[in-house]
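Dock chain B against chain A, hints included.
So you can see what is in the structure, the chains are spelled out below.
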Amino acid sequence: MEGDPGIVDIKQPNSRTCGTKLDPRTKLALGSMGIIAILMTGQTVVLAGALGLLCVGLFLFKLAGQWIRALKMLLPLVGLVFVISIISFDVETALMLSLRLLDLLTLSFLFFHGMDPEDLGQSMRQMGVPYEFCFILTTSLRYVPFMGTSIRRIVDAQRSRGIDLRPRFRNVPHFVALLMPLLVQSFVLAEELAMAMESRGFARTERTLRKAYRISLMEYGEMGVALGLLVVYGVWGRGLWG
Amino acid sequence: MIRLSNIHYRYPDTNEFKVLQGIDLTVDKGEYLLLCGGSGSGKSTLGYLLNGLIPHFFGGTLEGVVSIMGRDTANLTVEDLFSTVGLVFQNTDAQLFNSTVENEIAFGLESLGRPAREIEKEIRRTAAAVGIGHLLDCSPEALSGGEKRLVAIASVLCLAPPILVLDEPLAHLDWQGSERVRKILRRLHRRGTTVVVIEQRVETVLSDVTRCVVMDQGRILFDGPPKAAVSVLRDRHLLPRYPARPALEPANNPGDSEAEPLLRLQNIHYEINHKPILHDVSLQVRAGEILAVVGPNGSGKTTLIRHFNGLLRSQGGDVVFRGKKIRRAGPSSMAGRIGISFQNPNDQFFKTKVADEIRIGLKLSPEGGEERFGKLCTLFHLQELLDRSPYRLSEGQKKRVSVASILAVGPKLLVLDEPTVGQDGRFLEALSGLLLSLREKGMTIVVVTHDLEFAHATAGRWVVVHGGRVVGMGTPRELVRDESLIRMGALHPIGPLHSIGAEGWPGGRGSGNRGY
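Line by line, the protein sequences give chains A and B. 13 is the number of the first residue of the first sequence in our numbering; add one for each residue after it. 172 is the number of the first residue of the second sequence in our numbering; add one for each residue after it.
Treat the hints as calculated values from the structure; they're not laboratory data. Ideal placement from N, C-alpha and C gives every residue a C-beta, glycine not left out.
Computed list of lysine to any residue pairs in SDA-like fashion (alpha-carbon distance at most 20 Å, straight line):
# : chain 1 : residue 1 : chain 2 : residue 2
1 : B       : Lys534    : A       : Val188
2 : B       : Lys524    : A       : Leu191
3 : B       : Lys522    : A       : Met192
4 : B       : Lys354    : B       : Gly304
5 : B       : Lys534    : A       : Pro185
6 : B       : Lys534    : A       : Val184
7 : B       : Lys534    : A       : Asn183
8 : B       : Lys446    : A       : Gln78
One-sided excerpt, in silico: chain A residues whose CB lies under 10 Å from chain B:
#  : residue
9  : Leu153
10 : Ala169
11 : Val188
12 : Leu190
A few chain A residues that don't get close to chain B, going by computed Cβ distances all over 12 Å:
#  : residue
13 : Ala76
14 : Phe145
15 : Gly233
Bound-form chain A, shown alone (with noise of 0.2 Å):
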């Protein structure tokens, strides 16, 4: 095929994206320590200071309008926390626990926004994690938009032959006709990517893992830091666990 027109300006893949030069190990170590420490916090306060530091982060990343965004479909479900919470506890909890979900939405939309999720996979496999795990981790990630392109298909087709599915109480008999054809097209999509995927030689052994991650020092670095500072929050920091 060498000689063939076509399109020469290759560029080299840039999978480390967001700005960052982070091993997506380090990534998802730093991450899950974010996420431990707002579990751990229980304090109106200082959620909110943490929210204020994780837009801080949106904004440098230049990831603040798509959180707008994504935070039309989550505020809803903070909404929705709230307000059981309310009935089941005080107002002060039911903020308390509506930040912390806040708070953990936007670290994980920084921390997914930040990384090919191939990557992830690839990385994870690298530790020694079995291929099959890793390649239903980036799989899933992979159709996540695909399936809400097919939800909005389906809700479109829908209302246009007269289904109301706008988010109303009356509206809740309806949804069946958003969930069977959803249903019903997931599970044809499940056998076709199976058949995709043993075509292309998934149930091979002896797979080439074409890039090699590597850790370097400094993050390393970064790890530690910030793997001592979950510990001395954990140890003295207990006055502002809640």
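Okay, now just chain B, sitting in the frame of chain A:
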């Protein structure tokens, strides 16, 4: 290269029904074979036989011998065969399961255990050959239908398989996308690859191939040169023979051009993330006409019709239905006035029986009732299907149920989005006839399509959309002769079988009466 001897095959749990019945087929090295047939004729099943998915993935009962390059596939696995027989699936969303195009191409090579450095080289070489080098960093989700198809081909081509099997590679593609894929396949064939194309759009690919195999109900009906296949393809309705369109000119129509149009779009502007999708689009749909909105993929056709019933709100301009502006009315409340049937009928079905799918629409209609139910079933030939699950129907039957369920709501305007995609010639003829009979009953219809043959046979007036703008409007006869539209890529000359001078094809010997 490929030898199938007395093949009989039955899928698991299908009682005694054999999908393939006594298939004998030999394909030599370097042949370019078109495998065609109506829906359910066993084409795709035959494709799965070639790379060992049958019997190793599907199971079922296989009789006879499938031999690939002298080796019996019964003694091999799919992993043994995947670098010999490259299979490109119809559904690119399933085939492209990696997060970037680069990883997609690399996947098969990694499976083979090739050294990393060699894989990197091969990725770039294949991408350059297929012309997708600029897409290597992209997610498959971000690609157009045509680009996805090219990536799917590249993901298999990188393994340099001596046999390449493609299942409906031209489905969903417009003429430009089809031409790109056809060019690649012709080049591969010239270089000695054995190419097997399973395709419904036979008229597009027939002039490229060296041999044509026509299947019907699991048997080989015809096997020979493409030129000789044309009469068989016509007899079996695989090349559609559209019914003659009644010459009802606008002046004789209920939708006289002077009268208030049923639907009017005025200066519609729509953009996503500051990227304009529709620029200042204006058009009218006259009562009682069939209007085709034609243009290549990505030109904004579907975005345009989503404004008709309020699925999208324009950022400038107005949509006026029967003289009244559609402002806040949502698609659910508009369904009784404008019904849109989208491309994939599976997006609609959620009942276990066809009859229930139709009755949902009737319940929402003020004119609902058993009489209308009966009329719809008669019109769409659904009587035999009423107790069957909509998911278990053929693609053509699904489309009929889908359109009937939209009409059950009682809209005055029926809009069909790409109704010809993935359908065989027989269905295209039937659909064209059905739309013409609906029009005779006074229904107004808009068909969105990139299938110009279908649009020509069905619609009396076209609106040509290109790059988010209306670039042409008029009768098909005027527009297909407009060189400027062809030059800008908004339209293409109709009748691709000119090149083989086929019997019974416009421009060929014994030309039909379509006269374009």
